[in-house]
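Colleague: Residue-level listing of the chains:
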Amino acid sequence: MEKIRQFINILTIAISNCSLYSNDHELVDEYAKKVMSLIQEVMEDTLEIMVIEGDLIVNKIPLRDAGLHGVKLLRRMQRKGITRIAFSQGVTLSEVREFIVDMSRFDSPPKTYHHIRTGTVDIHLDERKTREMGVDLDYITHEQIQKVKEIYYGISPFKRLQIAGLEEIVSSFILAFHREANILKLLTPVRSQDEYIYTHATNVAVLSMFQAESLGIKGKLLHDIGISALLHDVGKLVISREMLNRPTPAYTEEATKMKQHPIYGAVYLSKIEGLTRLAPIVAFEHHMRYDGTGYPRYSSGKRGQHPCSQMVAIADFFDTLRSIRLYQRKWEIKDILAVMKMNAGRDFNPSLVDNFARTLLLATSG
Amino acid sequence: MQEKLPLDARLLSDAIIELNISRHNVSIYPKDHPLVSKSLNRAFEYFRRLFELRDEITIAIAKDTIIIDEYSLDKKNPVFKDFALHLNRMSIASVTFTKNLTKDELYSFHRFLLEDTEGMSLDAIREKWKGYDLPNIRLGFIDYSAFGEADGEASKKKLYEWYVHGLLEGTLRVDSLQEGVDEIPPEILAKLINETSTEDLKEESYDRVIASYLRKSSERAFSGKDIKRLLDFINGLRPELKKEFLSSSMNKLSKDIKSVEEALRETPIDTVMTLLKNINEQKLSIPDELRKLLERFSSLETDAIESRIFREEDLVDDITVSSDIASLISDERFDRFVDETYRNEIQRLLDSDAPAGYVEDTEGFNAQWDEEYIERCFNEMILEILLSGGSEVVREEDYEFFNRLLKDQIEELISTAQYGEVLRILRVWKERLGGDDGDGGASSYIHSPETISLFIDSLRISGRQKREEALELCRFYGERIIPPLIHALIQEESQTVRHFLLSLIISFGRMAEAEAIKHLRDERWYVKRNMLFILTEIRSTEGLPHARPLCRHEHPRVSFQAIKYLLRMGDPYGVDMLKEHLEGKTEEGVRQALLLAGTFRVKELVPDLIRMLKKKALKSADYQDKIQIVRALGLIGDPSALDALRDILHSRSILFKTPLRRLKEEIQSTLKHYPPEDVREIIGEVAL
Numbered sequence: 001m002e003k004i005r006q007f008i009n010i011l012t013i014a015i016s017n018c019s020l021y022s023n024d025h026e027l028v029d030e031y032a033k034k035v036m037s038l039i040q041e042v043m044e045d046t047l048e049i050m051v052i053e054g055d056l057i058v059n060k061i062p063l064r065d066a067g068l069h070g071v072k073l074l075r076r077m078q079r080k081g082i083t084r085i086a087f088s089q090g091v092t093l094s095e096v097r098e099f100i101v102d103m104s105r106f107d108s109p110p111k112t113y114h115h116i117r118t119g120t121v122d123i124h125l126d127e128r129k130t131r132e133m134g135v136d137l138d139y140i141t142h143e144q145i146q147k148v149k150e151i152y153y154g155i156s157p158f159k160r161l162q163i164a165g166l167e168e169i170v171s172s173f174i175l176a177f178h179r180e181a182n183i184l185k186l187l188t189p190v191r192s193q194d195e196y197i198y199t200h201a202t203n204v205a206v207l208s209m210f211q212a213e214s215l216g217i218k219g220k221l222l223h224d225i226g227i228s229a230l231l232h233d234v235g236k237l238v239i240s241r242e243m244l245n246r247p248t249p250a251y252t253e254e255a256t257k258m259k260q261h262p263i264y265g266a267v268y269l270s271k272i273e274g275l276t277r278l279a280p281i282v283a284f285e286h287h288m289r290y291d292g293t294g295y296p297r298y299s300s301g302k303r304g305q306h307p308c309s310q311m312v313a314i315a316d317f318f319d320t321l322r323s324i325r326l327y328q329r330k331w332e333i334k335d336i337l338a339v340m341k342m343n344a345g346r347d348f349n350p351s352l353v354d355n356f357a358r359t360l361l362l363a364t365s366g
Numbered sequence: 001m002q003e004k005l006p007l008d009a010r011l012l013s014d015a016i017i018e019l020n021i022s023r024h025n026v027s028i029y030p031k032d033h034p035l036v037s038k039s040l041n042r043a044f045e046y047f048r049r050l051f052e053l054r055d056e057i058t059i060a061i062a063k064d065t066i067i068i069d070e071y072s073l074d075k076k077n078p079v080f081k082d083f084a085l086h087l088n089r090m091s092i093a094s095v096t097f098t099k100n101l102t103k104d105e106l107y108s109f110h111r112f113l114l115e116d117t118e119g120m121s122l123d124a125i126r127e128k129w130k131g132y133d134l135p136n137i138r139l140g141f142i143d144y145s146a147f148g149e150a151d152g153e154a155s156k157k158k159l160y161e162w163y164v165h166g167l168l169e170g171t172l173r174v175d176s177l178q179e180g181v182d183e184i185p186p187e188i189l190a191k192l193i194n195e196t197s198t199e200d201l202k203e204e205s206y207d208r209v210i211a212s213y214l215r216k217s218s219e220r221a222f223s224g225k226d227i228k229r230l231l232d233f234i235n236g237l238r239p240e241l242k243k244e245f246l247s248s249s250m251n252k253l254s255k256d257i258k259s260v261e262e263a264l265r266e267t268p269i270d271t272v273m274t275l276l277k278n279i280n281e282q283k284l285s286i287p288d289e290l291r292k293l294l295e296r297f298s299s300l301e302t303d304a305i306e307s308r309i310f311r312e313e314d315l316v317d318d319i320t321v322s323s324d325i326a327s328l329i330s331d332e333r334f335d336r337f338v339d340e341t342y343r344n345e346i347q348r349l350l351d352s353d354a355p356a357g358y359v360e361d362t363e364g365f366n367a368q369w370d371e372e373y374i375e376r377c378f379n380e381m382i383l384e385i386l387l388s389g390g391s392e393v394v395r396e397e398d399y400e401f402f403n404r405l406l407k408d409q410i411e412e413l414i415s416t417a418q419y420g421e422v423l424r425i426l427r428v429w430k431e432r433l434g435g436d437d438g439d440g441g442a443s444s445y446i447h448s449p450e451t452i453s454l455f456i457d458s459l460r461i462s463g464r465q466k467r468e469e470a471l472e473l474c475r476f477y478g479e480r481i482i483p484p485l486i487h488a489l490i491q492e493e494s495q496t497v498r499h500f501l502l503s504l505i506i507s508f509g510r511m512a513e514a515e516a517i518k519h520l521r522d523e524r525w526y527v528k529r530n531m532l533f534i535l536t537e538i539r540s541t542e543g544l545p546h547a548r549p550l551c552r553h554e555h556p557r558v559s560f561q562a563i564k565y566l567l568r569m570g571d572p573y574g575v576d577m578l579k580e581h582l583e584g585k586t587e588e589g590v591r592q593a594l595l596l597a598g599t600f601r602v603k604e605l606v607p608d609l610i611r612m613l614k615k616k617a618l619k620s621a622d623y624q625d626k627i628q629i630v631r632a633l634g635l636i637g638d639p640s641a642l643d644a645l646r647d648i649l650h651s652r653s654i655l656f657k658t659p660l661r662r663l664k665e666e667i668q669s670t671l672k673h674y675p676p677e678d679v680r681e682i683i684g685e686v687a688l
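Line by line, the protein sequences are chains H and F.
So the first sequence is residues 1 to 366, counted in my numbering.
So the second sequence is residues 1 to 688, counted in my numbering.
Careful: at least some of the hints might be erroneous.
Stated by the list, open to error - Some chain F residues close to chain H (C-beta under 10 Å, calculated; not the full set):
1) Ser91
2) Ser94
3) Val95
4) Pro185
5) Thr271
6) Lys292
7) Glu372
8) Ile382
9) Glu396
10) Glu685
To be clear, the hints were calculated from the coordinates, so they are not data collected in a lab.
The C-beta atom is built at its ideal place from N, Cα and C for all residues, glycine as well.
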């Protein structure tokens, strides 16, 4: 089993090297050779890697605690839309090398090779059961918002987040905005103060995924963006539930405390096994601004927000102002977008604001 | 066979809890320990009571969930989860206990659960289980070989058509159709109905379709989803059908206002507003009670958002806003803050021909979604939290968690030559921990032989491309990295990599001295040569006594490197050794000695060189040797050699005309190295 583990580690490192450097970099060659040599060592008739229920199964044997490399390989397979890789006898170094290059490209479907097969695992689930699990839900219903509420209210520094339900919810959001061209119709107004946090989270998730999809992002990554957006504010719950539901303006110290919620959220989400890395990143960065200001800030000042955080920041701002519009009934959507445009380059990524505005207006004008 | 009765949920939960407790006790204490027998007795007692209801009890495991019959036990319960995960880790899919179960069997079952099956094939696990021979406990294992490649999905279009046809014709009962109709997306249902001739549609047809959408039974009330689907369906219909179906829907809804009220609670406000708008557009008359209900659910609680505005802190909910936006929100004077330009820009965006989903720098944007980039952002975020998060925000256990995580990352970062990232982690660790953090801590991890060996291996492959980062990381390690670097240098076959490793070692300066001296004792000539090279480059004084004996080493590359070292350090022994070599045991020795004499400008050798130069040339090759002497003298530039040079410049030879001409040319080219005032006269003579 140690050899298998080593094989998974080396394969993952080989793929990582390929993402980081050019395809002809020495490291890529070196690691392709190492992968090839390990394949020869561990291969029986075939060498098969499967993902079943979030576990890596190698040659029909579950690889428990696969470590960082195992998790990374699993994520890469998910991003690539595959749950099965099988190497067969006769596999060549050039096939292995090409396969490694292929796996490092997340935006293209896997290629076919003579001795390496990739695909999905058929789990033969009862179709009705799948439907009951909510995978084919078409609409954003109160029921789903209740699920978000349950997840949000299940959050505590002493409890682990139940992420299984999140996937379901996000899948249903995607189906919903595939059916409903006018994205605004999918946004839920806040009926009362205590509904605010999870209703807003739902809307931010829908708006973030809407942006991401318009940029050609799909599959696992789109799901990850949805989940990250849905959880962007969890840090608030770690601070104080009481403070969130208080129907009066916050005091200075509460506002200061509020500004720590990105850190609380990031710490909490970083520790959730199986959760996309984007979730803690977004929780940490969603109040940073495009120009590096905002809160909290990177002391190194080396890197700004990740694009996923930038999208969530746009969705967050839009939904907040849109909610105010609903009550005051004075602002047009175009006016909110104009405010965002005015702050583009400072608060928001100008390219993403333009994309959001154009896509939103096109979707709602039809 | 006893009829299958529903199990007592409480009893079952208690049985599983006791089973898990006894499992833990068995793993800690010997069989005869009172805690083991006590917990086994309790678990056994629960099973005995369960066997009164059933002859056999089967527990199925779905990863972290326990399923009994069709029900899953509380997924959030940590005990159930722990038990399920433990069984799942052993690839157990189900456990069946039968009525004659004994306490001993239960104990043995726990012993089996303690077996290490990690990495075992299913057959091997089965074989092991068979060895326990427990007739009243049956295990079902997860057979991963049953998982195969997936097939594609079949089209459902034909099926939909069949459902809709039967629904409109009334040839199928609504109840029996429910599942089929539920599956049909509303716009497809509308499309299929739109394709039907109006003549074929009767009032009953509308009602049947509506009834299928708004089915209400004792188990299931209307839901918000039903309302939304209904509305989507109606919106997709031909105008002339819209009114009929809407009317049929309102009739159906008004018959159960209570359920409608429940459903509207779940319905987004925009949906209710659209429904009301449709009703008004179609001029449909609906019961007052229903209208009032719809109107009530199309209004909002006005303070819900207002209270999220923390005006004093420029926070709208949690978003910090600039003072201009804060004023904009509170004063509602939009035009003052957002000038027309921005509104025009928004319009221009809409009118532009740019393709949908366009962002500037697409390549850069796309690269940021790569797993490696995301991982790097994640690392950076953790480091930021570790650096800036106070103990109130980041608790002790969080630090421990992050440190563990970063350790895993380091292995990956080193293997992918991301030394800069490794350094950032190490610096944060140093800052946070202020030095050594004991065994098993971050510091001992980074200095472990395994981590260092991984680093050296990575340096060999890609250190040259990341030279600066590699150097910095080596410096971070300090002295500790020198022995492994020297070891790698000794083993290395590639000359390019050897040069790189040498440059890394040399960058440590005198810190590398002791290790290099130690390796001078190595028998291999190339090791001695490399160590002497290091000592030379770092200008080691300690190495001199160790180098002197090596000046007479049998391998010229060792002896001359030793001499070079001594000369560089100004050690007179080096000059003596050079003299010895000049006296010429071998041609190559003399050539090397001349080269060094010139390179190191050894003035002490000038008389010897002059003597050699004046020696009568007997053959053509002697002139070639003299050229080398002239070169060495030129590099030294001592004017005392000029007389000898002048003599050659004025000399003639009949036999060796060409070699002499070449020697003279060499002398002329080296004159520039002498003091100008001393060579002015000779240059003048040559010019004549």
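Colleague: Now tell me, hint by hint, if it's right for this structure.
Modeller: Each hint tested on the structure:
1. Ser91: holds, 6 Å
2. Ser94: Status violated, d = 15 Å.
3. Val95: Violated, because the Cβ-Cβ distance from F/Val95 to chain H comes to roughly 18 Å (cut-off 10 Å).
4. Pro185: Hint on F/Pro185: holds, closest Cβ of chain H at ~7 Å, below 10 Å.
5. Thr271: Holds, because the Cβ-Cβ distance from F/Thr271 to chain H comes to roughly 7 Å (cut-off 10 Å).
6. Lys292: violated, 18 Å
7. Glu372: For F/Glu372, the interface hint holds, since the closest Cβ of chain H sits about 4 Å away, which is under 10 Å.
8. Ile382: holds, 7 Å
9. Glu396: The hint is violated - F/Glu396 has no Cβ within 10 Å of chain H, the shortest such distance being about 12 Å.
10. Glu685: violated, 59 Å
Comparing the model with each earlier hint shows violations of hints 2, 3, 6, 9, 10; every other hint is respected.
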